[in-house]
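Novice: Take a look at the letters that make up each chain.
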Amino acid sequence: MSKAGRFDPVLLLAVPAVLYLALVYGIPLLVLLGRSMLAGGAPSLAPFIGFFSDGFSWIVIGNTIRIAVLVTLLCLVIGYPTALALARAKGLAQALILVAIILPLSVGVVVKAFAWQIVLRRDGVVSQIMTGIGLWDEPQRLLFTEAGLVIGAANVFVPFMILPIYSVLKLIDPRLGEAAATLGASPVYRFFKVALPLSLPGIVTGIAFVFSMAASMYVIPNLLIGDRFQTLATMTGRSFLFMRNEQLGSTTAVVLLVLTVAVVVASAALSKRLGGAS
Amino acid sequence: MKSGFLSVSGAAKTFGAATVLDGVDLSMGRGEFISLLGPSGCGKTTLLRIVAGLMTPDQGKVALDGEDITRRPPHRRDVSVVFQNYALFPHLSVAENVAFGLKARGAAKDAIAPAVTKYLGLVQMSAFAGRSIKALSGGQQQRVAVARALAVGPKLLLLDEPFSALDRKLREAMQIDLKRILREVGTTAIFVTHDQDEALTMSDRIAVMHRGRIEQLGTPAEIYHSPATPFALGFVGLSTQLPGKVVRAADGMVEIETAAGPIRARANFIPGSAVLVGVRPERIAIGEAKANRIEAALADAAFQGARVQLHFAAPAGGQILAEAPILPAQAGPGTRLDLSWDVEDTLVYPAPDLAA
Ligand SMILES: Nc1ncnc2c1ncn2[C@@H]1O[C@H](COP(=O)(O)OP(=O)(O)OP(=O)(O)O)[C@@H](O)[C@H]1O
Ligand SMILES: [Mg+2]
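Just so you know, the sequences run in chain order X and A.
Quick note on my numbering: the first sequence kicks off at 1 and runs consecutively.
Quick note on my numbering: the second sequence kicks off at 1 and runs consecutively.
Hints in this document: simulated from the structure, not taken from any laboratory.
Small disclaimer: the values here were computed from a predicted structure and weren't measured.
Misleading hints may appear alongside valid ones.
[Claimed, not checked] Here are the computed lysine to aspartate or glutamate pairs in the EDC-like style, where the Cα-Cα straight-line distance is at most 20 angstroms:
hint : chain 1 : residue 1 : chain 2 : residue 2
1    : A       : Lys103    : X       : Glu178
2    : A       : Lys155    : A       : Asp204
3    : A       : Lys179    : A       : Asp167
4    : A       : Lys155    : X       : Glu178
5    : A       : Lys134    : X       : Asp137
6    : X       : Lys193    : A       : Asp167
7    : A       : Lys245    : A       : Glu257
8    : A       : Lys179    : A       : Glu161
9    : A       : Lys134    : A       : Asp110
10   : A       : Lys118    : A       : Glu198
11   : A       : Lys155    : A       : Asp65
12   : A       : Lys290    : A       : Glu255
[What the hints assert, rightly or not] Covered by chain A, per the in silico footprint, the following chain X stretches (three or more residues, Cβ under 8 angstroms):
hint : stretch
13   : 16-24
14   : 88-96
15   : 182-188
We put the CB at the ideal spot given by N, CA and C, even for glycine.
Input sequences plus hints: build the corresponding full structure.
Specialist: Following this line, the structure appears as structure tokens:
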């Protein structure tokens, strides 16, 4: 809560990180933006105007946001209870859960997506279970559907939801829950009025992580849904790699960047406001 | 008499190899105020947690208002707690903390605000209602914690050293206020404290705890004037203590041989028993000729305002301590003084087992 005006020398510790980011992200991004806007010679917004006036672009933006939101929600629904359990667990149980969450990170995305291809096939495990318990009348294919993409992507990103929430939950004084209990609060009331509000900063961080990764994923949609379905990230990749349309690629990349930065900044601001009370 | 509103029987708790509660029995009447007094680590907080339902005893029972609540969860006990570390909700304001319990119990909206105002006023924190908890000092947090626990109007209030962070003046004011509120509302309370003056002034009864047991449960006067064990004698108030050996016993009287001289007391021991003699300092007269008389060399005098505390050189395993309004004339370090007290004021205990 230091007032503006006095410079805190500890901030200098961030200089290497800032330089690094400028080098590997900042400069290429500027180059991208330049390519997109300077394509006609003089700087112009024409590429953006062109992009936004094309109806297909809006479908792509819609796809990107919808998939990212659904993946984020699924990660939150799966990740929050896991984080709660992890924070409550002790000793060996905690170590095992932690390993189960972190170890899959060392398995490449391609391998995971390949595994999901098998699971989501018409004769895959999911289909067999669903028909087996009678929820589906006949076997269905989840592979190459949006649902399959959301499920597969959530699986890859869920650790990035669990870990920030867990690290916040772990720091909450267990006496607070006890105090609430002795004041007459039921377990459900305690959860919604004590644990949940105090863990909001972790939730917001997890949302920022997962949303930005899900909005910009490229390999997973390629493997799980294919060309028919385009997001800003897959379109960027196709533009550069297959269509050799650098201008379109730069434009979609910048739009995606603005989208994710907006979400991350909004969640950081939210986290700061909520964090101010925790 | 009015016992049995809260009754703890045979409560035992072990953590690993450590026995933290070793069969605690406690019975208190409605509206009664009991202090738990005992050294750090003797199990006070553990006992409170068991009564509050935050911990289940390995053995024993807890009953409140005629119902067995041993396994009832804390939110259905109507027992509120002022925690040793306050445990205020950091994401809520001072007023919201105090309102928490009422809201959780679904109290009517228009009943909550007046209660918050009332209890914040009681702890002299009205001016801080809108503040964040993080912007409070330790003592202010303590007072909010007390208001929060009182606001729900619990059947039983447990306070774990609630005033330890307050300065003396504020603490005394809070003691009086708390007693007044509890009396008005008729709340039963258990009050943990390290401060024996606090326990002596506030309590209807005091439970002296030692190593997971209640060694003595009695009124402050009983605890002070007739401590049941050497531990109670030593822990509550000051005392002269002399180890000795019973040499004669007859008709409820014993004569004890000590390194400071022979002492007579009303007690029943067989000759040859090793005992500990205790005397409260205000019972000891200087330069008079009461029944039990010893001579001791002054070692130190501690000025305490209204009184002077006199420490004397004592034989091994003992201590000699007296009080006087003023330092006796011409007394200085090494001066030998006559100390005497009545037979009735002589306490005798079996010699404490040093190994225990
Ligand atoms: N969860 C626990 N696990 C292991 N040991 C514990 C646990 N809780 C308490 N103890 C031990 O039990 C003993 C009694 O603890 P307790 O907190 O009841 O003491 P206390 O009388 O309240 O002490 P203080 O006056 O210092 O607060 C201590 O030795 C403590 O280390
Ligand atoms: Mg304690």
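Novice: For every hint, state whether the structure bears it out.
Specialist: Hints and how they fare:
Note on lysine 103/A and glutamate 178/X: the hinted pairing holds, with a Cα-Cα distance of about 16 angstroms set against a maximum of 20 angstroms. Among the hinted pairs, lysine 155/A with aspartate 204/A is consistent with the structure: their alpha-carbon atoms are about 17 angstroms apart, no more than 20 angstroms. Taking the CA atoms of lysine 179/A and aspartate 167/A, the gap is about 18 angstroms. The hint holds against a cut of 20 angstroms. Pair hint lysine 155/A plus glutamate 178/X holds up; C-alpha atoms about 17 angstroms apart against a cutoff of 20 angstroms.
With a C-alpha separation of about 58 angstroms, the suggested pair lysine 134/A and aspartate 137/X falls outside the 20 angstroms cut-off, and the hint is violated. Our distance criterion of 20 angstroms between C-alpha atoms is broken by lysine 193/X and aspartate 167/A, whose separation comes to about 33 angstroms. Between lysine 245/A and glutamate 257/A, the direct Cα distance comes to roughly 5 angstroms. Compliance with the 20 angstroms bound is thereby established for this hinted pair. For the proposed pair lysine 179/A and glutamate 161/A, the alpha carbon gap of about 15 angstroms is at most 20 angstroms, so the pair holds.
Taking the CA atoms of lysine 134/A and aspartate 110/A, the gap is near 28 angstroms; set against the 20 angstroms cutoff, the hint is violated. Of the pairs offered as hints, the one joining lysine 118/A and glutamate 198/A is violated, with about 25 angstroms between alpha carbons and a cut-off of 20 angstroms exceeded. A threshold of 20 angstroms between alpha carbons decides the hint, and for lysine 155/A with aspartate 65/A the separation of about 9 angstroms falls inside it, so the pair holds. Note on lysine 290/A and glutamate 255/A: the hinted pairing holds, with a Cα-Cα distance of about 15 angstroms set against a maximum of 20 angstroms.
Interface restraint, the stretch 16-24 of chain X with chain A: violated (0 residues with C-beta to C-beta distance below 8 angstroms; minimum three). Requiring three or more residues with a Cβ within less than 8 angstroms of a Cβ of chain A, the coverage given for the stretch 88-96 of chain X is violated, as only 0 such residues are present. Given a C-beta distance limit of less than 8 angstroms, the hint that chain A covers the stretch 182-188 of chain X holds, as 6 residues qualify and 3 suffice.
In summary, the structure is inconsistent with hints 5, 6, 9, 10, 13 and 14 from the numbered list given earlier, while agreeing with the others.
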